[in-house]
Structures are given as structure tokens and as C-alpha cells.
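In case you want the letters, here they are:
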Amino acid sequence: MTHNFPVPDEARLEHLINRMFVKLPVPEIIRLNRIEERLSRQLAINRPKHRVNKIPWWVVLLLVGGFATAAWWAGERFFEHSAVEMETPDHGEESLPPVTPSRQEAEEVIQSEGSVDEFREKDSPVIYQREAY
Amino acid sequence: MQDQARELLDRYCKQADNAAFNSFYRAQSGKLWQFLRGRGCSEEGAYDLLAEAFLKFIQVVCKDLRAPVALLYRIAINLHIDQYRRDKASPVSTDNNSVEIHVVESSTAFNDERDYVQYLMKSLPQDEQNLLFMRYWTGLTHKEIAGILDMPEGTIRRQCAAIIKKLQQRWQEES
Chain A
1 MTHNFPVPDE ARLEHLINRM FVKLPVPEII RLNRIEERLS RQLAINRPKH
51 RVNKIPWWVV LLLVGGFATA AWWAGERFFE HSAVEMETPD HGEESLPPVT
101 PSRQEAEEVI QSEGSVDEFR EKDSPVIYQR EAY
Chain B
1001 MQDQARELLD RYCKQADNAA FNSFYRAQSG KLWQFLRGRG CSEEGAYDLL
1051 AEAFLKFIQV VCKDLRAPVA LLYRIAINLH IDQYRRDKAS PVSTDNNSVE
1101 IHVVESSTAF NDERDYVQYL MKSLPQDEQN LLFMRYWTGL THKEIAGILD
1151 MPEGTIRRQC AAIIKKLQQR WQEES
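As they're listed, the protein sequences go chains A and B. Residues 1 to 133 (my numbering) make up the first sequence, in order. Residues 1001 to 1175 (my numbering) make up the second sequence, in order.
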């Protein structure tokens, strides 16, 4: 098999290969259109969902949720505090009984019961007893 | 070309623009049909595989828009392999249609260089013909072809260069 064409360089050969493929048989347009119609029906069913980046919305949702919780907690604390203040009756100081006995009364009790450091009964099983004033 | 395909499919996926998908289909369907014929499909079989490949393609394309044409060809090749295995397992009909790339018969005289290139291509194995088809007709990059054929990019690059060199050598020997 001989010919007299000059040997092409790489670029020329690539171009010739490309041109050779142009001569390949082509498909029937009617058949391709029929497939396209089929695909169009499928496209109507398989409509791609509009992809939205949802991450910022989740961040916003978390922030709003956090603020709402904080506001609710703070509000509850505030109202609880004011309710306690309102409910506390305003007693005069005179009406309250003296809680701590006066020094004189305490000394009287100590003298009547004897020395605090003394054990009343040495053989008693009680090794510790709360002081009673 | 790949950028244009990506742009069209981007519009389809993000704006649900069916017209953009149809443009992509019109640009790729003819070449894909030729590719399938080149791989040995019958004329009818190539139409069936084409339709099936596009149907599968529309289900997955929006997940990854980096190399849509390569994805389409990969789907088509996988479907063709599946079909080949099915046919081999249960042969129903025989299809003796020859691959259309082999149209030019060996002749003593060539009208022009294109005829001679076609004759040279005939001598190449099928996988090398497919490689040249994807590279020089479909316009896929080495990387995209590597993705389709599951091979390293460097291997594809070397194979393309080797095929071109082989053709040049034969050209020189026969001149």
C-alpha cells in the first residue's frame, strides 16, 4: 500500500484524524428528536430541586432560638423577683420578738445550770452534748 | 466545548432550565451515537443505548458538574459493557454490522490524506480508535478520558502520543 503524501507532523496528523471523524455516518435526526421528546417528559418528572445553601438559615435559627430562650429565662427571673418583693408584708421592727437573749439572761442561765465545762456525770455514756443556753 | 456543556448543565441544574439541557443533548447526542457505533453497537442498539445513557445521566448529573461530558461517556460505556455481557450470556440475535469507521476498504489509490488516515485508523485496535475518538472528535481532555476509562492521566497521555507516533511511522513506511 503506497502513497505519495508527505509525512505530517503531529499537529497536522491530529487535524487529519479530526477531519476523518467528520466523515463518520451520522444518526437520523428524527430518531434523535424522538429520544429528546422522551427525555423532555422525563425532565418534567425529574425536575432538579433548586439547591439553596441552608447553613446560614440554620445559624440564624439557632441564634433566634438562643435569644428567645435567654429572654424567656431572664423575664421569668425578673417577674419572680418582683413578685416576691410585692408579697413580703411590711412588719414593723417592734412587732418582731427578740431572737437572741440578752447577755444578762444568758449569764443567769449559766449560773443556774453550773459550769459549762463540767461533766455532770463522769460515767455517763453521753460524751458530747450540745450546749443549752 | 466542555465549558459550554458545563454552563448549559449548570443552568439546567440550578434554574431547572430544560431548554439548556436540550441544547446539551443536541450537541452531544450525535457524537455519542457515533461513539457507540464505533464501539461495535448496531444502529438500533446505539439509539437504545443513547436514550438509556441520557436517562441515567439526568438522574445523576446535578450531583457533580465538574466533567459532565466525561460522565455521559462513562455511563454509555458502562451500559454498553452491561449489554455486551447480557448478550454474551444469552445470545438472542447476531448483528453482523461492521463498525462504520471501517468504511474505507483497502484500496490501492487514496483520493486524499483523509482517506489514507481512515485506512490507517482501520488498522488500529478498537480501544485505540476509541481513545482517538474521545480525544480528537469529542474534544475530551486527557484527564477526562482518564476519568472515563479509570486509568491514570499520564497513561492516557502516553497512549495518545504512542498512537500518533505509530501512525506517523506507518505513514513513513508506506510512502
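Hints were generated in silico from the structure; no laboratory data involved. For clarity, every value in this text was computed on a predicted model and none was experimentally measured. Even glycine gets a Cβ: it sits at the ideal position worked out from N, Cα and C. Mixed in with the good hints there might be a few duds.
Stated by the list, open to error - Which stretches of chain B does chain A cover? Using the computed rule of at least three CB atoms under 8 Å from a CB of chain A, they are:
| # | stretch |
| --- | --- |
| 1 | 1024-1037 |
| 2 | 1081-1090 |
| 3 | 1144-1157 |
| 4 | 1160-1172 |
**OP:** Would you pick out the hints that fail for this structure and give their numbers low to high?
**Re:** Violated hints (numbers, rising): 2 and 3; every other hint is consistent with the structure.
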